[in-house]
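Engineer: The residues making up each chain are set out below.
4 protein chains.
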Amino acid sequence: MSDPRKPVFLVIGAGAGIGGQAAKRFAAGGYHAVLARRSDEEGLARLVAEIEEAGGSATPMLMNAAEDGAIEDLVEHVERDIGPIETMIYNLGAQIGNRSLADTPHRIFELGWRLACFGLFRLAHAAFPSMVERARRGGRHGTLLVTSATAAMRGNAGQHSHAAAMGGRRMLCQTLNAEFAPKGIHVAHVLVDGAVDSPDTLGKLLGDKYEAFKAKKGPEGVIDPAVLAETYWHLAQQPRNCWSHEIDVRPWTDVPWWNDNPNPEIDSKGKGFAGPEAD
Amino acid sequence: MSDPRKPVFLVIGAGAGIGGQAAKRFAAGGYHAVLARRSDEEGLARLVAEIEEAGGSATPMLMNAAEDGAIEDLVEHVERDIGPIETMIYNLGAQIGNRSLADTPHRIFELGWRLACFGLFRLAHAAFPSMVERARRGGRHGTLLVTSATAAMRGNAGQHSHAAAMGGRRMLCQTLNAEFAPKGIHVAHVLVDGAVDSPDTLGKLLGDKYEAFKAKKGPEGVIDPAVLAETYWHLAQQPRNCWSHEIDVRPWTDVPWWNDNPNPEIDSKGKGFAGPEAD
Amino acid sequence: MSDPRKPVFLVIGAGAGIGGQAAKRFAAGGYHAVLARRSDEEGLARLVAEIEEAGGSATPMLMNAAEDGAIEDLVEHVERDIGPIETMIYNLGAQIGNRSLADTPHRIFELGWRLACFGLFRLAHAAFPSMVERARRGGRHGTLLVTSATAAMRGNAGQHSHAAAMGGRRMLCQTLNAEFAPKGIHVAHVLVDGAVDSPDTLGKLLGDKYEAFKAKKGPEGVIDPAVLAETYWHLAQQPRNCWSHEIDVRPWTDVPWWNDNPNPEIDSKGKGFAGPEAD
Amino acid sequence: MSDPRKPVFLVIGAGAGIGGQAAKRFAAGGYHAVLARRSDEEGLARLVAEIEEAGGSATPMLMNAAEDGAIEDLVEHVERDIGPIETMIYNLGAQIGNRSLADTPHRIFELGWRLACFGLFRLAHAAFPSMVERARRGGRHGTLLVTSATAAMRGNAGQHSHAAAMGGRRMLCQTLNAEFAPKGIHVAHVLVDGAVDSPDTLGKLLGDKYEAFKAKKGPEGVIDPAVLAETYWHLAQQPRNCWSHEIDVRPWTDVPWWNDNPNPEIDSKGKGFAGPEAD
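Protein chains in written order, with full-length UniProt numbering: chain H, 1 to 279; chain V, 1 to 279; chain U, 1 to 279; chain L, 1 to 279.
Worth flagging that the hints you see were computed from the coordinates, not collected in a lab. Hints may be right or wrong, so weigh each one.
[Said to hold, decoys possible] Cut-off 30 Å, straight-line C-alpha distance, at most; resulting in silico cross-link-like pairs (BS3-like, lysine-lysine): (1) K209/H - K183/U; (2) K214/V - K24/V; (3) K216/L - K183/V.
[What the hints assert, rightly or not] What follows is a set of in silico ranges between Cβ atoms, one per label pair, in the way DEER data are often shown: (4) D68/V - K216/L: 41 to 47 Å; (5) G30/H - P199/V: 55 to 61 Å; (6) A212/V - A102/U: 33 to 39 Å.
Where a beta carbon is used, it is the ideal one built from N, C-alpha and C, also for glycine.
Next comes chain H alone, as it looks inside the complex (with noise of 0.2 Å):
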């Protein structure tokens, strides 16, 4: 059971990582969190263990985002039996590593972007018209954060389905924050722009090598989710003069997306060099 008086957290993609960490966040502030995700249903009562254990408030959810009508049933379930959403973390990636353009079926493609963009599109259809009624009478303003990736910025080569998905999806945040901003939700496009600390997505994919790589990274060289969850707390704690619609992260040690390797050999004598005449 949740306590009416609480403001309700909803994580869509609540893994080990940063969804998991944004709701103890969130739940540690008085919040009670909803977390949703596809699979682990054991690590999900885990996670809801942990937070109830340090006096917060938790409800576990199994749901598929990319099936019809789940994410819409899901608004509609949490609306009607435990509260009202105040914030919202749209946390599904849909990174499938590099693969070239003749080993990225249409499936895989699509599947891509229904997971990164059109799943946005649809909690935002589904959740914002009570969220904006809320706001109207008075209510507190609703927020909605979306953790986005590199690609959201740039196609690397590898990354058509990623790639093309995030790069809808920044442009959706847009439009969102365009239309709904003025009717008191907050929408933040959260750039994550460097490895994090994630056994789900990253400790599964590297696999026993998941340690040599964090140990190449060096001293806080990864991204840890629990410091990230700091930042969408504090984005989702601005008074609405002066709200934060697009910010990035990365460890110190990172090279951030804007810059290619700082090779002095290369930047001088080639990029650096391009165009005008040194007369």
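Let chain H serve as the given structure and place chains V, U and L on it in line with the hints.
Structural biologist: Relative to the frame of chain H, chains V, U and L by itself:
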């Protein structure tokens, strides 16, 4: 019948505007133009006739790019029965005017993606392998020109479907370029950041307000698609050592997408004055 | 006198707006604030008094950042007589309202660059070596927070001096970050994309129209610098594994810099409809 | 002597690379070329001789753009003694190779700004009034082509002076376009995002490593300035209804500025995998 010595120029979205004018320009430049569009057999026949009267050659094709297999069949048919594709223009749009989120049904949002993003992926997926193979064997490089819109750069209110689809299109152009430029395929994203004098799109949309709209824009206030076709031609003729991947165009009197209404009152006392202390 | 156990927070451009409010926030957080500005000794004394009444400590400094050696002398004096600088905010602006090119004399264009771009370079040049050395020896990382303006992202009419200076400022933040982030210095570019409720800048500029301007903007329609100071605080406290380098802020009712006036009439029939054939 | 019926094409930064090749292209296209550069009177004479041998006409000018009044005197002299300027190319660079902040003295940072940003402002300030007046009286529109570099888009390590100056240059192009495009002056920012085969800049810099560098880049791996000159020509010939304000160019084998090293290992396990939960 097409002259086997002519390179093939394939247009997806061959209306009387950009697509049709590009077909005329490339036909005049020695290409055999293949004009594909969904409807208006008469309009297509008219374009082909105009090209032939000018001494060029062209083939009309009716096809619905949103249908499974349509783009794939078209590419196979052209390569088998007409000739090897050297240059293509993907010119399908998905503008549906401005619609609030509530007025944007799921199927409309998906259709926008199918036409503006997925179709481009399918075209590259179907046509690039043969184009790469020909370039590898020492043939001239292949080219994919992509007509894009303002919504690829920023999402405005009411543009949920269009911006999400076009944002994905731009990132896809970057991933395609990253994988295929070094293999001899030139992908150029052409940001059309202004109204185009196109009877089949703007004309139909505005109906009897069309002439008034153009009059209001003033002399040369709307892009002439025949003029824009010269820029497409220039891009397709760039040698490999100097390729443009992103370019914008707009009429001289239009405000570019990155400038908001340059109102001195607002700008000197609002935005422009944001932030720093004048001290 | 400053408590040697307190880290130093240096403000360049300590007016009653962003700079002064940031000083209060960091003083409340345990820093000794050094407030530097060009003029208004009384205003400075008032800020210091408010900080001390709140139990904090601060030092006022008068200096003209445009003068040769002024920034260098300030840094040397603070490091020698007050304490090691841990965090700095560069908050000097160079907004001169809207001026046509003809009304922008060479000296004005140069002054804009001296205040908005060259001064930041000089501050980093003077302060970073000691900050890097302390970080290398295991101290907490150093931070440089840079207040920036809309003009850093796009140049509007009448903004020749301001935009050229701010565009340089943003690129400089990226080059500083590229060299110094891996050495433990966090540089954050804060894009203030809206009007700030700042008596010393906007207030002076608008004079008796100030209250009317704020009224027109509506509730929470102008950025409260004390609220923005919380975002500066959050950025300065981010651990090294999760640094933000670029973030924007604006009031909920403001149109972001990337959206032009979202006028459906214009957008569905002009820009939004540009380019692709609807077929 | 120049033929009074010929429009004037003024090159600021007329080395043997982009500037010289652009002068040849416009001279061949019927313009009288005025070639200005700081030094190498012999090189200038050689370029003029080549233009005249090809049947064109040109005037050599030696001038130091960093000197007060130099650009202003040049514009006045050309307009008075040679003919009305129709098209200009600002081609001065300020690349100094890669230098750490400590190795970038104040005067070097300032010189970069004087050449790359302030000089462009001065050229527009001096030449635009007459160009606007001629366009207003129904003459052909005027054009300012600005050669720019990768550093205008993002600041890499070691590029403090170059990136701050080029970032300012790009924003200045936008403010100039915002004020002057509606008055008939076309300003185009040409992002040269790759190495140019330019003996006076890259050649001098690399010395005896120049041929090895080009060999390593492979066939058509370095921009041929004569080819780039065709793109400048195309931009200058665009009718007013279809102007490009920003365009990029690079060799087919170069990685664009927005792609970091597309290393699958890094990208699928680091950046690309950032953020969202796969589940």
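Engineer: Is the gap between the beta carbons of D68/V and K216/L within 41 to 47 Å?
Structural biologist: Given a distance of about 46 Å, which is inside 41 to 47 Å, the answer is holds.
Engineer: Okay, G30/H versus P199/V on CB: inside 55 to 61 Å?
Structural biologist: At roughly 59 Å between Cβ atoms, P199/V and G30/H fall inside 55 to 61 Å, so the hint holds.
Engineer: Per the hint of 33 to 39 Å, is the separation of the Cβ atoms of A212/V and A102/U within bounds?
Structural biologist: 35 Å, holds
Engineer: Is the hinted pair K216/L and K183/V satisfied, with a Cα-Cα distance of at most 30 Å?
Structural biologist: Holds: K216/L and K183/V sit about 17 Å apart, inside 30 Å.
Engineer: For the pair supplied as a hint, K214/V and K24/V, confirm whether the alpha-carbon distance does not exceed 30 Å.
Structural biologist: Distance ~24 Å between K214/V and K24/V Cα, so the pair holds.
Engineer: Check whether the Cα positions of K209/H and K183/U lie no farther apart than 30 Å.
Structural biologist: The given pair, whose Cα atoms are some 27 Å apart, holds under the 30 Å limit.
In summary, the structure agrees with every hint in the numbered list given earlier.
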